[in-house]
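Asker: Residue numbers (the working numbering), protein chains in the order written: chain G, 1 to 250; chain B, 1 to 401; chain L, 1 to 294.
Among the clues, some could well be false.
[Said to hold, decoys possible] Calculated lysine-lysine pairs in the DSSO-like style (CA-CA distance at most 27 Å, straight line):
#1 B:Lys-66 - B:Lys-82
#2 G:Lys-74 - G:Lys-98
#3 G:Lys-141 - B:Lys-286
#4 G:Lys-139 - B:Lys-66
Just so you know, the hints here were simulated from the structure itself, not pulled from any lab data. Quick caveat: nothing in here was measured; it's all calculated off a predicted structure.
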Amino acid sequence: MNSVETKDVHLYYGDFHALKGITMAMKKNQVTAFIGPSGCGKSTYLRCFNRMNDLIDGVKIEGDILIDGVDIYKTNIQVDDLRKHVGMVFQKPNPFPKSIFENVAYGLRVNGTKDKAFIEERVERSLKQAALWDEVKDKLKKSAFELSGGQQQRLCIARALAIEPSVLLMDEPTSALDPLSTAKTEELIHQLKENYTIVIVTHNMQQAGRVSDYTAFFYLGELVEYAKTKTLFTNPKDQRTQNYITGRFG
Amino acid sequence: MKRYFHNLGEKLIEGLITISGTVTSITVLLIVFFLFKEGLGIFSQSPVAEGSVIAVHQNNPVKELKAAEVKEIFDQNITNWKEVGGPNAPIKLFSIDDITDYYTEEQIGANFEHLPQRLNELVAQEPNMLAFFPEEYLAKDFKGHRIELANVSLGDFLLGRQWYPTIQPAVQLGVLSLILGTLWVSLGAILIALPLGLASAIYLAEIANPKVRNILKPVIELLAGIPSVVYGFFGLVVIVPLIQDVFGLPVGETALAGSIVLGIMALPTIISVSEDAMRTTPRAMKEASLALGANKWQTIYKVIIPYSISGISTAAILGIGRAIGETMAVLMVTGNASVIPHTFLEPVRTIPATIAAELGEAPQGGIHYQALFALGCILFLMTLAINLTVDFVSAKKKENR
Amino acid sequence: MAFGTTSSSHKSKHLAQSAAFFIFRLLSFSVVAILLVILGFILVQGISVISWEFLTEMPREGMTEGGIFPALVGTLCLVAGSMLFAFPIGILSGIYIHEYAKDSWFKRFVKLMTNNLAGVPSIVFGLFGMTLFVNQFGFGDSILAGSLTLGLLALPVVIRTTEESLKAIDDSFRIGSLALGATKWQTVSRVVLPMAFPNIITGLILSIGRVSGETAPILFTVAAYFLPKLPTSIFDQVMALPYHLYVISTSGTNIEASRAMAYGTAFVLILIVLLANLLANWLRRYFGKKVKMN
Ligand SMILES: Nc1ncnc2c1ncn2[C@@H]1O[C@H](COP(=O)(O)OP(=O)(O)OP(=O)(O)O)[C@@H](O)[C@H]1O
Ligand SMILES: [Mg+2]
Numbered sequence: 001m002n003s004v005e006t007k008d009v010h011l012y013y014g015d016f017h018a019l020k021g022i023t024m025a026m027k028k029n030q031v032t033a034f035i036g037p038s039g040c041g042k043s044t045y046l047r048c049f050n051r052m053n054d055l056i057d058g059v060k061i062e063g064d065i066l067i068d069g070v071d072i073y074k075t076n077i078q079v080d081d082l083r084k085h086v087g088m089v090f091q092k093p094n095p096f097p098k099s100i101f102e103n104v105a106y107g108l109r110v111n112g113t114k115d116k117a118f119i120e121e122r123v124e125r126s127l128k129q130a131a132l133w134d135e136v137k138d139k140l141k142k143s144a145f146e147l148s149g150g151q152q153q154r155l156c157i158a159r160a161l162a163i164e165p166s167v168l169l170m171d172e173p174t175s176a177l178d179p180l181s182t183a184k185t186e187e188l189i190h191q192l193k194e195n196y197t198i199v200i201v202t203h204n205m206q207q208a209g210r211v212s213d214y215t216a217f218f219y220l221g222e223l224v225e226y227a228k229t230k231t232l233f234t235n236p237k238d239q240r241t242q243n244y245i246t247g248r249f250g
Numbered sequence: 001m002k003r004y005f006h007n008l009g010e011k012l013i014e015g016l017i018t019i020s021g022t023v024t025s026i027t028v029l030l031i032v033f034f035l036f037k038e039g040l041g042i043f044s045q046s047p048v049a050e051g052s053v054i055a056v057h058q059n060n061p062v063k064e065l066k067a068a069e070v071k072e073i074f075d076q077n078i079t080n081w082k083e084v085g086g087p088n089a090p091i092k093l094f095s096i097d098d099i100t101d102y103y104t105e106e107q108i109g110a111n112f113e114h115l116p117q118r119l120n121e122l123v124a125q126e127p128n129m130l131a132f133f134p135e136e137y138l139a140k141d142f143k144g145h146r147i148e149l150a151n152v153s154l155g156d157f158l159l160g161r162q163w164y165p166t167i168q169p170a171v172q173l174g175v176l177s178l179i180l181g182t183l184w185v186s187l188g189a190i191l192i193a194l195p196l197g198l199a200s201a202i203y204l205a206e207i208a209n210p211k212v213r214n215i216l217k218p219v220i221e222l223l224a225g226i227p228s229v230v231y232g233f234f235g236l237v238v239i240v241p242l243i244q245d246v247f248g249l250p251v252g253e254t255a256l257a258g259s260i261v262l263g264i265m266a267l268p269t270i271i272s273v274s275e276d277a278m279r280t281t282p283r284a285m286k287e288a289s290l291a292l293g294a295n296k297w298q299t300i301y302k303v304i305i306p307y308s309i310s311g312i313s314t315a316a317i318l319g320i321g322r323a324i325g326e327t328m329a330v331l332m333v334t335g336n337a338s339v340i341p342h343t344f345l346e347p348v349r350t351i352p353a354t355i356a357a358e359l360g361e362a363p364q365g366g367i368h369y370q371a372l373f374a375l376g377c378i379l380f381l382m383t384l385a386i387n388l389t390v391d392f393v394s395a396k397k398k399e400n401r
Numbered sequence: 001m002a003f004g005t006t007s008s009s010h011k012s013k014h015l016a017q018s019a020a021f022f023i024f025r026l027l028s029f030s031v032v033a034i035l036l037v038i039l040g041f042i043l044v045q046g047i048s049v050i051s052w053e054f055l056t057e058m059p060r061e062g063m064t065e066g067g068i069f070p071a072l073v074g075t076l077c078l079v080a081g082s083m084l085f086a087f088p089i090g091i092l093s094g095i096y097i098h099e100y101a102k103d104s105w106f107k108r109f110v111k112l113m114t115n116n117l118a119g120v121p122s123i124v125f126g127l128f129g130m131t132l133f134v135n136q137f138g139f140g141d142s143i144l145a146g147s148l149t150l151g152l153l154a155l156p157v158v159i160r161t162t163e164e165s166l167k168a169i170d171d172s173f174r175i176g177s178l179a180l181g182a183t184k185w186q187t188v189s190r191v192v193l194p195m196a197f198p199n200i201i202t203g204l205i206l207s208i209g210r211v212s213g214e215t216a217p218i219l220f221t222v223a224a225y226f227l228p229k230l231p232t233s234i235f236d237q238v239m240a241l242p243y244h245l246y247v248i249s250t251s252g253t254n255i256e257a258s259r260a261m262a263y264g265t266a267f268v269l270i271l272i273v274l275l276a277n278l279l280a281n282w283l284r285r286y287f288g289k290k291v292k293m294n
């Protein structure tokens, strides 16, 4: 079953044509990786799935994007409901200037949850899922800024998990992390796959190979090749893919 | 050789630039020096009104009075010597106008030539008399005792409620009502300006679309440039009569009028400073909030406002600072009565307005003149405290990043 | 489907947002409305008073008739005098703070003092100007004393403007120039200042608008209540627009009869500020275009 599906998506930043007719489908409970040289439109495409591009002035989007079968650019869609359904983890850890607990509880609170016991239980569960619980359980009231970069990123993942999205978007989630934190995050992605559909943007080809089931290669706003990760890395069909994964450009 | 001159030129310019760099510091130091030099003078001057003599019988045990006591006596609130440390006897007041009750015109002389002698006799005869007359009529062999007035103390100055800097025979220099008046009007101003200013800042920073913003911003910038006399004038011809009508008051010149005018004047500062602060909220932080399903409003009050709270407090403090120091507009609309305000519908008088209104009439070097400089010192210290608070808050903000 | 259908929590959340935004829009528009009312009121009342005679004649009949010529000239003298003082020193001072000063306690002190000077109330400048320039230096009530006082008041604004403009220029330009063997002053005067010039000049024009309306600093240093002649030297007293407005609206011989004159004077004061703002905006756009073309 397809969790995310797009048909002939074009995106313009003013006059600049950033995405040029992208059609692809991402399967439920699978990890899909986006790779490609800088500026090819990976983030732009990813940000279409939770309508994050709405915030930028002058953006125009054409084509259909379906999440779990619903066309998310239809007018009667509530953006905040969509974003509750499609979580996102950013490149740089971006916790709020609040306590660790409040960071994770944030999504629940803004979506109207008042039940204290429920929130506490959910915060604990999310932190456990994000493999952070043991490190922070004694300092939940402390500011999130006191955590290390890697811990902050896992906090941001926990924060996204707390509202139980069905799709999780990750834009280069480990690029600001040290190797140990990166390994931890990758392991986490592996476990999360059971319950979530994950789309991850990465510049690290080994990482794509390690964590993803499917890989899509983008180039200058186009989807060049999309296949099972193993196939794409061992037997690329397109010359540009081949050049990229063998390090001839990018 | 050429190189040498080159270097010399470079050094000269550097010297010139460095000197220019110190001008503001020197100015501040000079301001402090002159303000305090003049202002502190009031603590070493007698508060007897210029050219006046206060005298009693030579056997009267009261040798010194406080300025406030003299005023109480002349207002007949104190009527017995024992209340000011003398014998149990009623105080008999005498001021120069009463002279005809005691002597005929011949006795005084057509040109008052015998007046000093008569005054001398009078004070010597009346053991319970407190006499007050101009110094020019003080006889050379005056037998009575000239009362010394205690110098104004810091406590009298700051906590005294009476501000009558030219009253005879003893000037009253209590500035409490002026300090409270200043704070009262400024408080009112900030109560008006803060909600309006913050709402506008939030609207401009986060809600308005760029087109609306590009129209509103310059308009608000313009608001900052309009001179305070023009605001004062507008207050005088529009707001004051309006307040008078709406509340059915005898006069519309009230603290409320001052607060409204000052509030309007503080708006641009509050709006631009807090809008700038909100704009520094990192995009990533806003996106994180929206990505969790928060809507714009939730993002504003749960993320943006907490994040920029120090900038917002800076805005509020700066707004208060502007209100406290504002002179002309307040002078024109508050009615300038030096009483401690109880409601916003009474006239009040602020420190800057007092200085502006009275300095022109105060003889240079006199106690009134010095008292106005002392008010200047208080004002300077108030705004200094505000500036330092702002510096402190913004330094702390940088630390937190 | 977890989304697409509208939940009740969503509804209340949305309602809160709509309500909040409505209030904010209302309050912001009322702020702008207040301004427009003030501006409009004075412009409408004042425009009928404005005439060539009003601008070029002496006040007559206890300032209830005639014009504002001496006050206009006085204000121009004061603005010119104060800017002559504040511009060079302020710009050099800004250069000192941003380009020359090493990061030391002294620089921090200078910055702190500049900030504090900016917060000193204008009436305190008046007190200070009177003691130092009028009495200590013996200038008396004069254009010189008034201009210096106003100049000191404008100084922090000029410094801040200069500093901000210099800050906006990337360090690579300085390094590039120094790397070619230019001295510090050559770098500043030939590379940095020309680039910062548009922003500096815009800020300066705005500060002119500000200075022309200041009243408290000139009360005791220069302003004359009624002086129907033009100054002949910098040691003369002058009338000035803002003080004139204050006088005829609060303590003139016949306040009611002076009302029209007062509206006219307020109109001229607003006009000066308005023109300064327009000029600054125009310059900003003009230079903005030029930079893009290069
Ligand atoms: N807000 C924007 N306005 C205009 N153009 C933009 C904007 N954001 C991105 N672009 C342009 O769109 C193109 C795609 O950008 P995008 O951020 O999606 O690239 P990316 O593949 O994620 O690159 P990277 O690997 O460096 O993150 C780039 O050429 C970029 O310059
Ligand atoms: Mg990217």
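Asker: Next, verify each hint and record whether it holds.
Answerer: Hints, one by one, checked against the model:
A distance of roughly 15 Å separates the Cα atoms of Lys-66 of chain B and Lys-82 of chain B; the hinted pair therefore holds under the 27 Å criterion. Simply put, Lys-74 of chain G and Lys-98 of chain G have alpha-carbon atoms about 35 Å apart, too far for the 27 Å limit, and the pair is violated. For the hint linking Lys-141 of chain G to Lys-286 of chain B, the alpha-carbon distance of about 22 Å falls within 27 Å, and the restraint holds. Among the hinted pairs, Lys-139 of chain G with Lys-66 of chain B is inconsistent with the structure: their alpha-carbon atoms are about 63 Å apart, more than 27 Å.
Taken one by one, the earlier hints fail for this structure at numbers 2, 4, listed in ascending order.
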